[in-house]
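As a plain string of letters, each chain reads:
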Amino acid sequence: KAGVTQTPRYLIKTRGQQVTLSCSPISGHRSVSWYQQTPGQGLQFLFEYFSETQRNKGNFPGRFSGRQFSNSRSEMNVSTLELGDSALYLCASSLETDYEQYFGPGTRLTVT
Amino acid sequence: AQKITQTQPGMFVQEKEAVTLDCTYDTSDPSYGLFWYKQPSSGEMIFLIYQGSYDQQNATEGRYSLNFQKARKSANLVISASQLGDSAMYFCAMSVYSGAGSYQLTFGKGTKLSVIP
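First to last, the protein sequences are chains A and B. Residue numbering for the first sequence follows the numbering used here, beginning at 1 and increasing consecutively. Residue numbering for the second sequence follows the numbering used here, beginning at 1 and increasing consecutively.
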């Protein structure tokens, strides 16, 4: 069974731009969660999608948004990028009612 | 609110020795899951082991075992026979039900393990 895939793996953007990251979950998994990892704040939960609906959201500004498609693939978007948005963005997928989350390799975003 | 505490920012262990990574947690939810993940320098989070709050026995997965002490709210990871490839960041995490069918993971700050030849 293929794992969680994330594209792109690396990204360099300029302040003020916007960016879209993509995540394809494990086949059969309907839940996708997004996390931001920075050296200062560690791993922080962004949001979770299930069946194209956002079920849960972390404490991030409205510049961070996401969506999920009917095939469970998910995208997250960050508008008006700030230097502090530089981070590793990880997505994880899980079954509908399962605790376990399986992570992708992450997208490393650098904002200059 | 959920909280995970990992008090060891970094640890060293000799190759082939056992090592214990500490993790304490705090939650008022009676139902939760505890996880350990390994993160090599490549960035990917690798699932190691899971313990449910109602599980009576400590979880084991190959060289990994989880020392679950519910009354003390601790979930320490024990790695036996350390290998050079075990050098990585290790994260303890807790999953609780957050409503609307959603489970949310809360992570600790991590412990950087270095295995010495």
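If you are wondering where the hints come from, they were derived from the structure by calculation, not from laboratory data. Predicted, not measured: the structure shown is a model, and the values here were computed from it. All residues carry an ideal CB built from backbone N, CA and C; glycine is no exception. Treat the hints with care, since some could be wrong.
[To be verified] Quick list of the computed label-pair ranges, beta carbon to beta carbon: (1) A:Gly3 with B:Ser41: 31 to 39 Å; (2) B:Gly85 with A:Arg9: 36 to 44 Å; (3) A:Arg108 with B:Ala71: 37 to 45 Å; (4) A:Gln17 with B:Asn58: 46 to 54 Å; (5) A:Pro39 with B:Met11: 43 to 51 Å; (6) A:Gly16 with B:Gln56: 12 to 20 Å; (7) A:Gln17 with B:Val78: 25 to 33 Å; (8) A:Pro61 with B:Glu15: 41 to 49 Å; (9) A:Gln41 with B:Asp26: 30 to 38 Å; (10) A:Gln41 with B:Gly10: 33 to 41 Å; (11) A:Thr20 with B:Lys73: 34 to 42 Å; (12) A:Lys57 with B:Pro30: 23 to 31 Å.
[As the list claims (entries may be wrong)] Calculated cross-link-like contacts (lysine-lysine; reagent style BS3-like; alpha-carbon spacing at most 27 Å): (13) B:Lys112 with B:Lys70; (14) B:Lys3 with A:Lys57; (15) B:Lys109 with A:Lys57.
Hint check results:
1. Between A:Gly3 and B:Ser41 the CB atoms are about 18 Å apart, so this pair departs from the stated range of 31 to 39 Å.
2. Between B:Gly85 and A:Arg9 the C-beta distance comes to about 22 Å, which lies outside the given range of 36 to 44 Å.
3. Remark: the range hint 37 to 45 Å for A:Arg108 to B:Ala71 is upheld by a beta-carbon distance near 41 Å.
4. Roughly 48 Å separates the CB atoms of A:Gln17 and B:Asn58, a value that falls within the hinted 46 to 54 Å.
5. Here the CB-CB span from A:Pro39 to B:Met11 is close to 18 Å, at odds with the stated 43 to 51 Å.
6. Range check, A:Gly16 to B:Gln56: Cβ separation about 55 Å, and the 12 to 20 Å hint is violated.
7. Taking 25 to 33 Å as the suggested C-beta distance range, the pair A:Gln17 and B:Val78 does not conform, at roughly 46 Å.
8. Checked against the hint of 41 to 49 Å, the C-beta distance between A:Pro61 and B:Glu15 comes to roughly 45 Å, which is consistent with it.
9. Checking the proposed 30 to 38 Å range against A:Gln41 and B:Asp26 shows it is violated: the Cβ atoms sit about 19 Å from each other.
10. At about 19 Å, the beta-carbon gap between A:Gln41 and B:Gly10 misses the expected band of 33 to 41 Å.
11. The supplied range of 34 to 42 Å is met by A:Thr20 and B:Lys73, whose beta-carbon atoms lie about 40 Å from each other.
12. The hint said 23 to 31 Å for the Cβ distance between A:Lys57 and B:Pro30, and at roughly 24 Å that hint holds.
13. Our distance criterion of 27 Å between C-alpha atoms is met by B:Lys112 and B:Lys70, whose separation comes to about 25 Å.
14. Of the pairs offered as hints, the one joining B:Lys3 and A:Lys57 holds, with about 17 Å between alpha carbons and a cut-off of 27 Å not exceeded.
15. For a cut-off of 27 Å, the pair hint linking B:Lys109 to A:Lys57 stands: about 21 Å separates their Cα positions.
Checked against the numbered hints above, the structure breaks hints 1, 2, 5, 6, 7, 9, 10 and satisfies the rest.
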